[in-house]
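Enquirer: All chains should be built: construct the whole structure from the sequences, respecting the hints.
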Amino acid sequence: MPKITSDGYDFDIPEGAYSASDLKERAKAPGNAVPVVRKQDKDIVLEPEEVVNLQSNDRVTFTTPMEAAGGGQR
Amino acid sequence: MERNLRRFAKDMDLAIRQYGSNKVSWAKDVSWIHVKDFQLPDNFRQSRTDILILVPDNYGYGGCYRDNFIETDLELLDRDGHSYRMLSSDIHGFREYPYSSMSESMKKILRDRGWFYLCLHDKNPESSLVNYLYKVRLYLGNPYKDWKAIEQYGKGGR
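As given, the protein sequences belong to chains A and B, one line each in that order. Going by this note's numbering, the residue at position 39 of the first sequence is 39; the numbering climbs one at a time, nothing skipped. Count along the second sequence from 1, add 74, and you get the number used in this note's numbering.
None of these hints come from the bench; they were simulated from the model. Wrong hints could be hidden among the right ones.
What the hints assert, rightly or not - The following label-pair restraints were derived from C-beta to C-beta distances:
| # | chain 1 | residue 1 | chain 2 | residue 2 | range |
| --- | --- | --- | --- | --- | --- |
| 1 | B | GLN113 | A | THR5 | 20 to 28 Å |
| 2 | A | SER56 | B | LYS182 | 49 to 57 Å |
| 3 | A | GLN40 | B | TYR135 | 35 to 43 Å |
| 4 | A | TYR9 | B | SER179 | 49 to 57 Å |
| 5 | A | ASN53 | B | MET160 | 29 to 37 Å |
| 6 | A | ASN57 | B | GLN120 | 42 to 50 Å |
| 7 | B | MET160 | A | LYS39 | 25 to 33 Å |
Fair warning: this is a prediction, and the values are worked out from it, not measured in the lab. In this text, a Cβ means the ideal position worked out from N, Cα and C, and glycines have one as well.
Expert: Next up, the structure:
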């Protein structure tokens with residue numbers, strides 16, 4: 001069964017399709033949490049409306065946001 | 075503002091445990107950190123790169139990591155998922171540091187030594203170097219995502 005790790009706790013989640021918002025809601029993750037799905041050896045960062053199909057060995061974690069910027073003034 | 079040296083020492087301690095003492099070095103004035111053989115995600119032709127991270131002036135007092143440089147000749151899997159391409163500006167990267175906060179001579183040194191600049195601004199001032207490099211690796215593994223939208227999570231977005 002897929003697993004979610006949030007705030008130091010692990011719990012199972014049924015296989016199936018989930019959006020980033022679904023995962024945050026299920027994990028009661030903070031508003032600024034960004035879901036990351038580990039599928040095999042790949043870490044996939046989810047966009048807000050992106051849906052992922054979770055399968056048995058997948059693991060969901062959360063990270064804090066970062067900005068990919070460039071150009072402008074500094 | 076001076077950097078928080080106590081926090082820097084803790085940060086380097088953690089980085090050494092993560093990457094190995096022979097892989098992590100830093101400037102005497104703690105203005106930069108160099109990590110050798112940083113592991114790349116598998117959408118790169120190469121498996122490792124050296125990475126140079128600038129330490130913000132207000133590090134430890136609200137400053138977040140945001141400037142890093144990877145080797146310029148790395149090849150990244152293209153959007154088609156089959157061919158490889160050189161690094162370019164569409165992944166928020168530059169062949170030369172683009173901001174006026176760095177001297178022209180330093181920009182030239184970095185460019186001539188083959189460093190490619192990536193602007194990845196960590197939004198968490200508590201992030202350690204290891205946390206930051208985890209995020210850099212996440213970014214490099216997902217370079218074509220809508221990072222603007224992902225950043226919105228941090229503003230209370232869903």
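Enquirer: The structure should be examined with respect to each hint, and the outcome stated for every one.
Expert: Do the hints match the structure? See the list:
1. Taking the beta carbon of each, GLN113/B and THR5/A are about 21 Å apart, inside 20 to 28 Å as hinted.
2. The given range of 49 to 57 Å is respected by SER56/A and LYS182/B, whose C-beta atoms sit roughly 52 Å from each other.
3. The hinted window of 35 to 43 Å between GLN40/A and TYR135/B holds, with their beta carbons roughly 40 Å apart.
4. Hint check: TYR9/A to SER179/B, Cβ distance near 51 Å, so the stated range 49 to 57 Å holds.
5. Evaluation of the 29 to 37 Å hint for ASN53/A and MET160/B yields a pass: the beta carbon distance comes to about 33 Å.
6. Under the hint 42 to 50 Å, the C-beta atoms of ASN57/A and GLN120/B, about 27 Å apart, miss the expected range.
7. Our hint of 25 to 33 Å for MET160/B and LYS39/A holds, since their Cβ atoms are close to 27 Å apart.
In summary, the one numbered hint that this structure violates is 6.
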